Amino acid sequence: MTAPASIVLIVDDDVDLLEAVSLILERRGYRVLTATNGEQALEQLRDGPRPSLILIDLMMPGMDGWSLRQKLLDNPAQADIPTVVLSGDHAVLRNSPPPRCTKTLQKPVDLATLLDVVKQSCALTENDLERRQT
Amino acid sequence: MQTVKGQGETVGRRAGDRAIVVALLKLAAAPKDNWEEAIQQILQIEAELLGLERVSYWCVRDQPSLIHCEMGYVAGPRAFERGAVLLESDHPLYFAAISGSGVVEVDDVQSDPRTADLRDYLRDRQISSMLDVPVWTRGARVGVLCHEHTGPLRCWSDSDVDFAIAIAQTVAAALEAQARGSAEEARRRTAFLDQSSLRLTRARDVAAVAQCAMELAVPELADGALLDVLEDAGLVRIGIAHRTPEGRALLDELTRSHPPCLQGPHPVAQAMRLRQSIFIPELSAPRPRIAGIDAGESRIGKQLGVRSGMAIPLLAGDHVLGVMQFYASQRQYDQGDLRFIEDFVERVAAAFENARLHEKADTAIRSRDEFIALAAHELHGPLTSLQLAAESLATSVASTPEATSKMSHTVVRQTQRLNRLVDHMLDASRIMTKRLLLSVAKVDLSKLVQEIAGSFGERCERAGSVLTLHIEPGIVGQWDGDRLAQVVSNLLDNALKFGRGKPIEVALRSEAGHAVLTVSDGGIGVPADRIGSLFDPFVRAVSPRSYGGLGLGLFMSKAIVDAHGGEISVTSRPGEGSRFAVRLGLGAAPSAGDGETV
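The listed protein sequences correspond, in order, to chains A and B. If you read the first sequence in our numbering, its first letter stands for residue 1, the second for the next number, and so on. If you read the second sequence in our numbering, its first letter stands for residue 135, the second for the next number, and so on.
Think of the hints as simulated: they come from the structure by calculation, not from any bench. Values in this document were obtained by computation on a predicted structure and should not be read as measured data. Mixed in with the good hints, there may be bad ones.
In silico DSS-like pairs for lysine-lysine, Cα to Cα no more than 27 Å straight-line [what the hints assert, rightly or not]: (1) Lys540/B / Lys494/B; (2) Lys71/A / Lys103/A; (3) Lys119/A / Lys71/A; (4) Lys636/B / Lys71/A; (5) Lys119/A / Lys103/A; (6) Lys636/B / Lys119/A; (7) Lys540/B / Lys71/A; (8) Lys581/B / Lys540/B; (9) Lys540/B / Lys631/B.
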């Protein structure tokens, strides 16, 4: 993977999960940002670099996954960032997923699937960037 | 002594014939469906036609043997009277005379031996001659038609007697019509009860049953009805109905000023306690005050024009679900009405019991589904980290020693988390199904709290919460150390989860024979309307969308503290934080303990 590294923002209230996913993605050459709820994620997006992918959990204290997704869609600058939902509540994921997500993943997720989805979503963003630049 | 021979004959043949035809026409037109009106009309016609002061119908009763005046017509005042009773024990001669199958003709009551023991009755009414004719229905003597003459003695003519016998047969016909009417009424009542059962069983919840019961009760059974059911807090009025809006307003007022109460002599309280109907056939004045009904309630009863009432308990097996009251303003309830309404209330009670079981089952299923969804969510969290870490280790994604060590730690931590979760679930299910047993020993609570708080150090750091301890050393008591450790962990868990990264304070001190532990956070707090149910199982003060967790921590903590004979409480302000306090006795070992004591 050539520089600059793709940036992935992970939003989950489970710090253990943040740590494990960060470690895995960083070893694969991604730059990882973390947030434990929706508000923190919006702060990261406002103050930090634009990520190639946002990975969000649904049930979180404070601003939950649904509200975060809505806020992202409401902001034209963030609406097109690929967003993948990762949740342990399979029924909710099936019946009321947040709108216009790139993909939904059920917890627990296996390593290959996670890496695949991250790779594809980041590639989407990169292609998109190239198209815009040319 | 002057005797007037057969006044019926002195009226004259022609006029008499015409009068008799008119009388028979009137009798034919007598109402068949209303016994009371029919007998009044018959008695009046007969008295006028035979020129008698008084004609009355008496029904015969056994055990004790007596005759009871059901209706009498008095020509002088043109009035009806009823209710007189003559006992065989007081008037054996007279009873011997009328118990035969024939007519008792007495031309002179003063000299006739058959009326010798009837003197008082006869003197009071100034009766000189009398004629008694038995009334037969279906081969049984059911009553006596009495003809009483005042003034000069009267010698009863054959035509008088024939006419009286014909009238007695008319009375018998009216009695049979009444019996047929009763059978008709019984059929109508059975149909009503069947219809009630059908409608009541369709009502799916308690509120629907109550509404249906009130709609059926008024106006069919009562002018006004009230329904009270027993809830945790006591009797609650869930049904009020009246035939008129004004009556309804009065019953609303009554409910406000006299809410149902389990104590005292009020008919409702009595019906609850005695598990039997309280029946007051005559409520209207003037009568002695009814126990438990005060002046205020009497006043409203008077405004409603209440004449008769009953309070009937709703019974399900051997427990009482509530009481239904019925009031009649336009008539007086009798024993038949009581039995009929009791049958109706029995059906209402059955419907209530069904609805309750239904609601209970629904709630249980909902709670179970919610619990399973939450349990799955909770288990999926650590499983995700565990799976990713384990796979990373297996595929050497984590290639540096540092990364390998981190991943291994993740695996260990997630395994512990999963173990804790599974333990919690099993524990909760045990506590919910049976009593919590304690294993009591000498416990240094100061040390225990210190240790648990210490084990939370890393998690506090990750959450960004500063943990401060104020622990008075050497607080020792007879407790179950492992269980209390669970309580401290649960409280700290909550403080971290809902603490928004704000400081957390744990304090332990002794206070008047008690150990008092407090855990305070500066987190989101508990909304006022959720505080009451915070310690119930599967309850959370927040939406499960925002916070995971099984909703069992506080329920378990309370069960543990309760088993120790202690208290757990919470004070909270939404947005500012919560403070949980646990008070445990420092004295003797808790009675619930069955383990070894040091």
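Each hint tested on the structure:
1. Lys540/B / Lys494/B: 48 Å, violated
2. Lys71/A / Lys103/A: This hinted pair holds, its Cα atoms lying about 18 Å apart.
3. Lys119/A / Lys71/A: 24 Å, holds
4. Lys636/B / Lys71/A: 26 Å, holds
5. Lys119/A / Lys103/A: 13 Å, holds
6. Lys636/B / Lys119/A: 37 Å, violated
7. Lys540/B / Lys71/A: 34 Å, violated
8. Lys581/B / Lys540/B: Violated. Lys581/B to Lys540/B sits at ~31 Å, over the 27 Å cutoff.
9. Lys540/B / Lys631/B: Since the Cα atoms of Lys540/B and Lys631/B sit roughly 24 Å apart, the hinted pair holds (cutoff 27 Å).
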